[in-house]
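From first to last, the protein sequence lines are chains Y and H. Mapping of the first sequence onto our numbering: position 277 corresponds to residue 277, and the numbering continues sequentially without gaps. Mapping of the second sequence onto our numbering: position 116 corresponds to residue 116, and the numbering continues sequentially without gaps.
In short, the hints are calculated from the structure, not lab data. Don't take each hint at face value.
Not the full set, but computed from the structure, chain Y residues with beta-carbon under 10 Å of chain H [said to hold, decoys possible]: (1) Y163; (2) A236; (3) G253; (4) P258.
Here are the computed lysine-lysine pairs in the DSSO-like style, where the Cα-Cα straight-line distance is at most 27 Å [stated by the list, open to error]: (5) H:K5 with Y:K149; (6) Y:K124 with Y:K21; (7) Y:K21 with H:K163.
Which chain H residues stay away from chain Y? Per the calculated CB distances, all over 10 Å, these [unchecked claim]: (8) H30; (9) T43; (10) A74; (11) T83; (12) K105; (13) E136.
Ideal Cβ placement from N, Cα and C applies to all residues, glycine included.
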Amino acid sequence: MIKKNTPQERRIILKHADDPKYSNKIGCYLKNDGYSMLKKAFKMKPEEIGEEVMKSGVRGRGGAGFPAGMKWKFLDRKSGKPIYLICNADESEPGTFKDRQIMHKDPHQLIEGMMIAAYAIGAKQAFIYIRAEFFKGAHILEEAIAEAKEKNFCGDKILGSSYSCDLVVHRGAGAYICGEETGLIESLEGKRPNPRIKPPYFPAVLGLYQCPTIVNNVETLCNVKHVLEMGGEEFAKIGKPNNTGTRIWCVSGQVQKPGYYEFECGALTLGEMIYDVCGGLLPGRTLKAVIPGGSSSKILRADERFTGKLKDGSDFDWGIEDIPLDFDGPASVGSMSGSGGIIIMDDTVDMVEAMANINAFYAHESCGQCTPCREGSLWMKKITKRMCEGDARHEDADLLLSVANQIEGRTICAFGEAAAWPTQSFIAKFRDEFEQKAKNGNNKPSLQLI
Amino acid sequence: MELSKETLTKIEEVIPRYPEKRSAALMVIHLVQDELGFISDETCSWIAEKLEIEPINIKELITFYPMLRETPWAKKHIRVCRTLPCALRGSYGTCKILEDKLGVKEGHVREDGEFSIEFMECLADCGEGPVVMVGEDTYENIEGKNAESFADLLVQEKLDTSKDFTSYENGLVSKSPVSKPTKKK
């Protein structure tokens, strides 16, 4: 039963996603007023669309939260080179499964958002870079694009105008690093996805084939359609200043009802999400920790007090349950909302095991280009694995920390931080458990995470 | 190396989608691997010639990307998600059950070539973990007792016709209206 005061979802992006009468075919999309915003866009000047996106304040939904309108403004239009648009559909940050819903259930929403964005930035061609594990998703998108082409919503001379833009589905091949935008671009060029160094390789200036390129997340591109529908200023009224629009939060781990939930930014707290929306913890368990924005984001301990100043100058004093779910909330307590992947852990979790699980992920996914990351991620995996196998040493916590600290800030891309932050935060928050491991020797934890 | 007419047609259709031929590398490799199961040195050279690049340019992709193969998986390839959200819901146990019932260790191919199991990094379906893929089909909440009957059906080759386990994505690919993912709790 949902309690009276439970915050209610506001579904904009996922409006139709779970409607049993809705299908992912173009007929259904058109019946629901689909592609009307694309028609509206084509009556506007491209730069007017960019202005609306700017006014909307919509921030990137892929992880970094960079304002999309600003990203578009950085586009180098003077070079005379062709411009490309890429949708980052590599969805691979552990704990994130929102783009999957959009692409499988409402692909035309993404295509419409993309074609509006393509027209706005003057793209010559657009790509959807989708992770290869989404076999069906790629198939659904290909079918949807064929339908859209037939109706002249993409491809040659869109809606009878002089503007043409082809949309191509490109499949990855199982590498997390392809979610990093410059790695993605290398991969799309048919190479190993070794990220490029910024500067000079900002995609908006030197992207795909060294041409100006915009890379936006699936959810971000869908938002473009809604920005146009409401107008930038109206859109900016959803949520809170600097945290506009809705967000799709993906809750996983040890709660009664994990799943995807779309709320206005800041409409609820982490506690309301866990206890009211997700039905609370499993029977007899207590909350131990939360990773608020995908596995790279810093872990929060359930019994911490978070104090400090908000951007507006006001003081805050929060427990974990009081943290507002928006961009700034998790950031103000030293973590981040990242990709919206909230991972819940209860008192049955052995934190060293959880750490070892995460470290195994980053060791597997490091592209190997930068030595600190390639070697460091592997050593963090080896050390935590050894600790879980009954051979923990009392100096391990400091050893792990020293490895992590030597990765952070010393790599070409942000993967270095993504690999270091979990270790740094796990040790800062749960050092006692790491040290206890050495004292206890071979105690068997209740869950097997490694 | 021989490829079916259908695959060859698809390859010819995919390459011109890109402004530069080399960009089609991953898509061409996928098409070839879907048919042959793996990419041999001979295949590397063939693809390279098609894209007007060197064989090493293909080889470096095969040896980097986790889903590209130099040796084939089994007829039925099972992918189990290993990463934290699925692990918190018991995916290590699920993997163990599958290993025992299918008679093959994770990362290996059974001697008769029927089954292989692979621990995968995050399959992006964390809300319904543990997630298991059989070939291209995704199955959710495969854990404990549930995982045992799932494995039994796999061994008996009855998973495809089972009503207890359905891959929700399949409903979305067909012409039928969208349905909610099947939950088995």
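Cross-check of the supplied hints:
no.	hint	in the structure
1	Y163	violated, 18 Å
2	A236	violated, 29 Å
3	G253	holds, 5 Å
4	P258	holds, 4 Å
5	H:K5 with Y:K149	holds, 26 Å
6	Y:K124 with Y:K21	violated, 36 Å
7	Y:K21 with H:K163	holds, 22 Å
8	H30	violated, 6 Å
9	T43	holds, 15 Å
10	A74	holds, 17 Å
11	T83	violated, 5 Å
12	K105	holds, 16 Å
13	E136	violated, 4 Å
In this structure, the earlier hints numbered 1, 2, 6, 8, 11 and 13 are contradicted, and the remaining ones agree with it.
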